[in-house]
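Place chains B, C and D with the ligands on chain A using the hints.
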Amino acid sequence: MPELTLVEAVRMALARAMEEDPKVLVLGEDVGKNGGVFRATEGLYERFGPERVIDTPLSEALFAGLGLGLAARGFRPVVEFQFMGFIYPAIDQVVNHVGRLRNRTRGRLSCPLVIRAPFGGGIRAPEHHSESTEAMFCHIPGIRVVIPSSPRRAYGLLLAAIRDPDPVVFLEPKRIYRAFREQVEDDGAQLPLDRAFVLREGRDVTLVTWGACVKEALEAAEQAQERGISVEVIDLATLKPYDAETVLGSVAKTGRLVILHEAARTAGFGAEIVARVAEEGLFSLTAPVVRVTGYDTVVPLPRLEDWYFPDVPRVLAAIEQVVSWR
Amino acid sequence: MPELTLVEAVRMALARAMEEDPKVLVLGEDVGKNGGVFRATEGLYERFGPERVIDTPLSEALFAGLGLGLAARGFRPVVEFQFMGFIYPAIDQVVNHVGRLRNRTRGRLSCPLVIRAPFGGGIRAPEHHSESTEAMFCHIPGIRVVIPSSPRRAYGLLLAAIRDPDPVVFLEPKRIYRAFREQVEDDGAQLPLDRAFVLREGRDVTLVTWGACVKEALEAAEQAQERGISVEVIDLATLKPYDAETVLGSVAKTGRLVILHEAARTAGFGAEIVARVAEEGLFSLTAPVVRVTGYDTVVPLPRLEDWYFPDVPRVLAAIEQVVSWR
Amino acid sequence: MRQTLATFAVEEVRVLAPDGTLLPDPPECVHDRDLLVRLYRAMVLTRTFDARAIALQRTGRLGTYASSLGQEAVPVGTAAAMRPEDVLLPAFREQGALLWRGVPPEHPLLYWGGDERGSNWPGPREDFPICVPVGTHAPHAAGVAMAFRLERAPRVAVCVFGDGATSKGDVYEALNFAGVWRLPMVAVINDNRWAISVPLSLQTAAETLAQKAIAAGIRGLRVDGNDVIAVYAAVREAVERARAGGGPTLVECVTYRLCDHTTADDSRRYRDDAEVSEHWKLEPVARLRRHLLERGFWTREDEEALLEECRHTVEEAVERYLATPPDRPTAMFHHLYAELPAALRPQYEELRAREEA
Amino acid sequence: MRQTLATFAVEEVRVLAPDGTLLPDPPECVHDRDLLVRLYRAMVLTRTFDARAIALQRTGRLGTYASSLGQEAVPVGTAAAMRPEDVLLPAFREQGALLWRGVPPEHPLLYWGGDERGSNWPGPREDFPICVPVGTHAPHAAGVAMAFRLERAPRVAVCVFGDGATSKGDVYEALNFAGVWRLPMVAVINDNRWAISVPLSLQTAAETLAQKAIAAGIRGLRVDGNDVIAVYAAVREAVERARAGGGPTLVECVTYRLCDHTTADDSRRYRDDAEVSEHWKLEPVARLRRHLLERGFWTREDEEALLEECRHTVEEAVERYLATPPDRPTAMFHHLYAELPAALRPQYEELRAREEA
Ligand SMILES: Cc1ncc(C[n+]2csc(CCOP(=O)(O)OP(=O)(O)O)c2C)c(N)n1
Ligand SMILES: Cc1ncc(C[n+]2csc(CCOP(=O)(O)OP(=O)(O)O)c2C)c(N)n1
Ligand SMILES: [Mg+2]
Ligand SMILES: [Mg+2]
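Listed in order, the protein sequences are those of chains A, B, C and D. In terms of this note's numbering, the first sequence is residues 75 to 400. In terms of this note's numbering, the second sequence is residues 75 to 400. In terms of this note's numbering, the third sequence is residues 555 to 911. In terms of this note's numbering, the fourth sequence is residues 555 to 911.
Worth double-checking, as some hints may not be accurate.
[Stated by the list, open to error] The calculated EDC-like cross-link candidates involving lysine to aspartate or glutamate, where the alpha carbons are at most 16 angstroms apart (straight line), are:
hint, chain 1, residue 1, chain 2, residue 2
1, B, Lys97, D, Glu705
2, B, Lys97, B, Asp238
3, B, Lys289, B, Asp385
4, A, Lys107, D, Asp814
5, B, Lys107, C, Asp820
6, A, Lys107, D, Asp826
7, A, Lys97, C, Glu705
8, A, Lys107, A, Glu120
It is worth saying that the hints were derived from the structure and are not from the lab.
Chain A extracted, bound-state conformation (with noise of 0.2 angstroms):
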């Protein structure tokens, strides 16, 4: 089985899901001879030609619609966005048609139409290269939102996003496109696109996270463990519909939670995390509830977004936090 990279097994998944459905195509902005600028789709042009592999021209507000009439017409489009910074012209299409299209018809038409976009910050990249965005996202009826956290997750729910009939924003951590590698094997397993993952089980406190954050997650939860405090660390990874029956079950166990995202804290999806413990889980906290986050303001460039962006301390903290309350 290949040891791979996130990014890796993203393409992985790309090609696998080409080969098995001739109606998969992949386009975007530098998809073809240049294989993206990840390297997401290296490969694939040489391999599926330029009829499935298409370098579309620089019009974000066009593709999310090129791919919804595509889609409707029965293809699978999975449309890069370059970077979240640049995938707002397509909100648009999102909102009003994207997630809309197969409820408006009643069922006559559809799309099943795959947005991917690289987000999340911790590469010292250019201004608006770092955001994370998905609470806005998740905000939007009719389409799911996905976001991996491991190269064997990247590949399991990308295929799944692929073969999934309705629309799906999958949201791909940069910062762990290479960080770690994992074996994955190219057997064109899905994964469920409602289920969280427990990563970590625990006792004491129950901390929910995804994408990238995983990695400080898992960290924080190591070092606690040194400190005689168990974590459970959950993946949530499909952030809507997201698997609340998870983490109130966690909860119940643990009496306490910890939030973790690199987005702004004000509405952010933590948010929606914890109104649904608050709603359904609430007496089984025995400590307030803490969310470690980005700041409510623009993301700063590189010199001093490790301030910004959520670190290990700052978690170890949260979950001693919770832990000594009283």
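What follows is chains B, C and D with the ligands alone, placed relative to chain A:
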């Protein structure tokens, strides 16, 4: 003192602001001779002329950027989006520029821009004319989000928004544009941009809402009173930044929290309020929180819209639920 | 040194003069009596439908409605130029095209009456639903056309939008992309000179809207949009050229909105009655009727029978519409995803309980 | 009946042939020795700056950087054509324009080095910061130009973007609006034939980018973008026309990206070395040098002195850049709003505590 509807109060605030500051401009589709499709700008074109009340082409992606350019040069543009359903082409500008210009230039340039849009449902409008996606805007750093719920608050908050040195997204609940009148003095007095309004004091339940839902909140509170339940109704009014103190203070007193908003539940702004209480007021809570919201579906066309939007019985049921919880 | 690199021309196609007489060099189709009569009938049906829809709205039995009064030649001529297997992507003023394509008239009524089932018509199943956010369906048309290209299917995507829509960036992006891929796509502009209260002069400084095609490197032309034969002939040529691999065309149909923007609008606030009266002289139904009468293709009796028939067709549709009870509220969940995700089940159950109560 | 309604032509302006000789009918400014020398010096400074920035990036002391190698004539010619009181709205490859306008060279280094203070330069204070999201600053330029129009100020907004940006809807919308308002705005295209790996042929089917102006009803023209005199002359004319109330112009400068897209790019993945070599023969610095030498405006000694001077200028800036310690982390809160809202104080205090720890 004139008795005004909310939309008339908006108009009075616009006229006042234009009168007192020649740098205030009004731009948008049909804001000129037509006075806006809801007549919010009626009479302004005649009074201030075609260089201050400007009909733009049908180019939403342009408006916000145009407004930024004008604002950076010292104007105070108030840009009207005809309906919130058509604001999305401008989100790119709001996320990537409007909320960042001051920070990006470390104060060298700034963006005192107001973005107005009627929002929300309940007026039997066509598709795309009934959504409330305020939560998406509340996640964007560097801007303010303000939602009035009465003629008086519309007047005072809009004046404050126009005079504020930073960008404000000002969302007007069209369902109550003409639903009732209030005495509003044209005294130029503004209201604070970061203070919630306690519209009704109560002991048993804290009911937090904003915009048109304030109407249902007050009615439900009244009906609850008849059943011996005392409900404190808070109009959040300024959603970003929002006044957590007032909410936390109220929950400390009542021990019970109900959130009411029209928008879809998941990742709606209600989640943020609940999360904040779970962080800073958890042990005040004596009952699980309840969110009364739109469903996580596309807002239905008029024939079914009443089933979608929260109504008084649903709010009342939630109030009774939190009060009777044990 | 200054040298000319490229030159472009915008041409205009006209067939009937405003008085209904034939202009020089008419296209072949003017000899097709049957076609002309069908075009006429479809315009009259559209006008009858619009009038009835407005009456329904005025009496509280329909929501906001956008009439096509005076512009019937654009949707009718466009639809008539298409083949059944082509795909139509309408904006919100193309009831004339929907009816020609075979959409039962109760469906647009249901849609404007606030019922999603109005877009789930029995046929043409592949046509796109009405699009309200202006211009946003142009990228969809490019996508549909691209699908045809990739499938080597001899089919064409035809998209209609207004003069205001030509100011939208997404429309430009779609045309530009259609150029790069030489897509089998035809974009038809219902250039009715107004976008609600905004006159074309505030929409663009371009002398014609047809010249927007030049920016995309595609064909563009202008036709008299009050002349259904001209619209038909020009769109037909464009559609068949696209089908044959000749690439996209932008067709500007110059007409005039004789009605309010929608039932929610009062156009006397922003334009002169005189301007409207002037344009009544150019409108397409009377023009074609004059022409047909002149050529002996049509009689007063035909006219009376047609009016009666249209009234009857529309009335039956109205009855079916009014007799259709609202859908079940839980329908809002049923069609959100192919299968209801488990996470949504509690909300669904809550609604179902309310529905059943 | 078919008749021609309007015709359009796209003209090209050239001054120097690739070998540096003058083409017929040169503009007045070719007699301005001082100007030509200043243009040349600015291009060499830009090239020196780019090379040094890349070296800094390669050694881990600068972030991703976009060189303007081979395209120096576009930003330099554009900036030289502006007056100090005009406002520049650059994209991300216009360091040559920033430097000409008086931005201290350490500022772009700070910006690309990841420090917001890089955009808070001492002058020109009213110029806009570097814009990374492609084309999104075109609407800003329209806004700035509109402000000038409303103030009756004889000033012009000049905006620069790439060939790829011409596919963006917001660029089209801004040009279209500029047309309606006859704004004092000039949009300059750095048409370097590539948008990262996407060649112009996949960007648009339009034969020229200048013709995009036709859709907006504004003036458009093409210039040889490897000829700084042509760029200067064309933009100068456009800027002065705009200042005089003559409306906006779109100027396409055809050049070539001799470098990678940015330091994060490897252009050998998608284009032939042969193509690049061919274009080295056209590049603007050698061309103007040849011309200056030919006319006796420049000597080998001048050249050596200039290179030394540029190295010195850049080195001093690099030293100032490297000697600038990072800003205080809490700066991210200080400039978010004019005044920090009370609601943000707890987050601010948290960061301050970390900063002070
Ligand atoms: C993106 C968008 N902005 C605004 C609106 C509101 N609106 C509906 S129709 C219309 C004018 C459309 O003008 P035009 O494109 O000329 O079409 P017409 O109505 O004249 O047929 C406007 C502004 C909308 N539906 N979509
Ligand atoms: C809206 C947007 N989409 C994508 C990107 C990523 N990106 C950066 S530069 C670039 C290509 C720009 O091409 P062009 O406009 O020709 O300018 P050039 O880089 O050639 O100067 C792309 C796709 C971006 N910055 N902004
Ligand atoms: Mg129109
Ligand atoms: Mg380029």
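Which hints, by number, does the structure contradict? none
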